[in-house]
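> As a plain string of letters, each chain reads:
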Amino acid sequence: MDPIEEYCRNITRREFFSKMAVGAGAMAFGELLTRDGLAARPADANPLQYGQMGAPHYAPKAKRVIYLFQNGGPSQLDIFDYKPGLQGKFNEDLPDSVRQGQRVTGMTSGQDRFPVAPSIFKFKKYPNHQDGLWVSELYPHTASMAHEMCVMYGMHTEAINHVPGITFLQTGHQQPGRPAMGSWMSYGLGSANDNLPSYVVMISQGYGNMQAISSNLWSSGFLPSEHQGINFRGAGDPVLYLSDPKGVNRHDRRSMLDAIADLNQEEYHRTRDNEIMARIAQYEMAYRMQASVPELTDLSDEDEDTLALYGPNVHTPGSYAYNCIMARRMAERGVRFIQLYNRGWDQHGNLPNEIKKQCMASDQPQAGLLKDLKRRGMLDDTLVVWGGEFGRGVYSQGKLTEDNYGRDHHPKCFTMWMAGGGVKPGITYGQTDEYSYNILDGGIHVHDLHATMFHLLGINHEKLTYRYQGRDFRLTDVHGKVVRNILA
Amino acid sequence: MDWLPFLGRLHPVVLHLPIGALFTIVVAELWLWRSSQRKDQRLLLILYLFAMATALLSIATGLILHEEDAYGGSTLDLHEKLGIATGVATLLICGLAYLAARRAGSGAASANHWVPARQCGLLLCLGLITVTGHYGGEMTHGKGFLTEFGPAFLQRPLETAAPVAIDVDTTVFAAAIVPIIENYCVYCHDGETTKGKLRMDSPAAMLAGGRSGPLFVAGDVENSLMLQRLHLPLEDEEHMPPATKRQPGAAEIAALTWWIEHGASFEMKWSDSQVPESLRALRSDTSAAAASVVPEAELDLELVRQLREQLLSVQRIQQGDNRFWVNFNAVATTAGDDLVQQLRPLAPFIVWLDLSCTQITDASMAVIAGMQHLEELNLNGCAVSDQGMQALGTLSRLRRLNLTGTRVSDVSLPLLLQLESLETVHLFQSRLSPEAVKLLRNIRSELVVNAGD
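Sequences listed follow chains A and B, in order.
Here our numbering is used: the first residue of the first sequence is 1, the next is one more, and so on.
Here our numbering is used: the first residue of the second sequence is 1, the next is one more, and so on.
Any given hint might turn out to be false.
Below, a sample of chain B positions facing chain A; criterion: calculated Cβ distance under 8 Å [what the hints assert, rightly or not]:
hint, residue
1, Gln119
2, Gly121
3, His134
4, Tyr135
5, Ala218
6, Asn223
7, Gly249
8, Ser271
9, Ile317
10, Gln359
11, Thr361
12, Thr404
Hints were generated in silico from the structure; no laboratory data involved.
Virtual Cβ for every residue (Gly too), placed ideally from N, Cα, C.
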């Protein structure tokens, strides 16, 4: 916001009391002074103003994001990062030269030794636009889309535990309180569909050890609260309290909202509190969503062929498959940031059995989503992102046997992939050492990922800032480098 | 130890000796104007010999310095030739001075004609050394150093050509980078003065780099020498342009940085959508309007406001650009042909149009055909047929066309073949037969044809 305007809107404590002392007449006068210049919001004044930026910094390659967040930290070693050399190292100690004193969590720091646990899963090479992509037997459907995927082996993060890790991926900071990436996008670029939120969150439950996630992760932080993610629920009404109570028709609803909006406007003119405008905007959004959400969530217009792409669970609200097809429907309807959380990847013990179930539930739906987007021509301008908050370590947590092991958190390297939206299709990027422990080449820090995603969306990550508590904040803080090698 | 380079570096010191000597001789000549005494003539001879010796020493050190390769170009050539000429001239006047001294010593009564000859030679020498020194100075301090703050009549008009006029084929390099380089770099880095063996007066020369290596690494801002030098502290000797010169402004540095960051392309067009507004601002003559298709003034803001009130999304594709992305996402379930009709006045501004899942029919296609600058058209799920498609033949800039789920059939194949600028076409669930798709792929091998297979 224009700082002068913001200053005009501010009512200081001193000002408040002085107005109170002189009385209501002075208050009215104060209001008259400010009303003429500032009554209209910038968006009303300029029909071409979309979001704070007005328009993207540069023409975007991706118009929307579908972020398939794999909550818990999927094991790169058992899915994507193929290390055949480890087979001969079964139960050997992880060399200190590899570990280099790396900090491990309290769950394994007390272990006597760190025995190498090779993946028990068989890998196969799938054709892409380079010399092929190795994927394990856990992810055959996803692997069949190798020619669309850009697989990044060199992701790394700073957090070693879940909440800081997820918070870092989602907000660019380990401590809660910063705006989520989707909020930044909504704030910066505005909406492409005024009938739906521009930032939607959907959660699916997994198998085994599930880590808590909270609405902190899709909070707008210090940005105006209309930019927070809207959580579509997996059961019952997709959005809470969206249905009108019995006996209230749409016309009643409208006149009620108008009356409340008038009152809110008055309060806004008195206090200039932006949160009031956010509240009005949210009521209006809810009113429009009453009409748009039922149409959005009604799968009856999908043909059998399409539904089959997503696998057998597609009709179960709240399943990953259901959320994936919903993601495509939202993308089709102009939702800008579609955030899925797929829980259940935290396989500290009994990994081979648990990851099998977890992969089986996610493989076909996400491959189906890619295929569906691709067929409809939507992958051209939709950026799909897949990955967790960190990877998993090469050594076994707990007892290592021939057919069972567990893996602890590993932040120094993990695998993510992106597809569509201006990313080079069918490539792999980066390389890890023979233990998938350290990055040899092509490292991508979380801030770099954010900078790259923003770049594809037409946002210069250094320019989208918000002044709060006396300094300019941005998603990438003072870091982030666009990874140009993976741009198409 | 190789002491030759060290001697070469003495050139800037030594060269002042002949200059000082020659001007001392001028004073001596005036002082002894009427003297024909032998001792005075011999004194003058000694001064002349000193001037000659130091001139020759300057030439020798200068030639050694030349070997160092730090300098090149036509200014150096001129300096070198004039320097040698000066040396030859000092030899000549030494000869004259010797003859004059001998004549004075012979005690002859007639006038000593060697004296005026010697004095004429001195004037020639002074002229030569002045010009030589000037070119030497231009090499160390850069072209135009002398006159930079001089009176207006001394100022040469800026040699930079008028910036190229911008049209569709103008490159970013020509439009924004060349003017900066011409203003701040080429006076020391061209064919005439080639400091550091670096020329910046052509793309090939820039790619060749100079004595310190490549000028830049495309895409790598941090490892690009040109930017490193720009960002050194002003007092650093390596800072470029040198502290005594005009320094580029923040916008110009930002432009160079952007250009290198985006691959230092000599081909990227000024009209490319990647080019940010900040860069365009360098060219006030064109700015946004050049990339844009129609003057901003013709944009009907009131119409945009009305459309937005009907929940259409009408957005600039990027800041400062009046090419627009229009999408019907919010109203897809109700939007029909009448809404598309309303776009008519905006037609020239629209480059991306998303009508996916709307209720439009062939009746809208005439309006779309009027969008001459349209690059992306999404008709996914629209009830349009071959009949409506025929109107699209006029869209000469269409790059992406999404016909997923439309009623378009083999009848439209000739049209698809005719759209020359087309790069991608999506035909999933359209009514094109597999044979037609195959034919399309065969004939237009560069076209990406997505039939959902």
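> Any hints this thing doesn't respect? Which numbers, in order?
Structure breaks hints 1, 2, 3, 4, 5, 6, 7, 8, 10 and 11.
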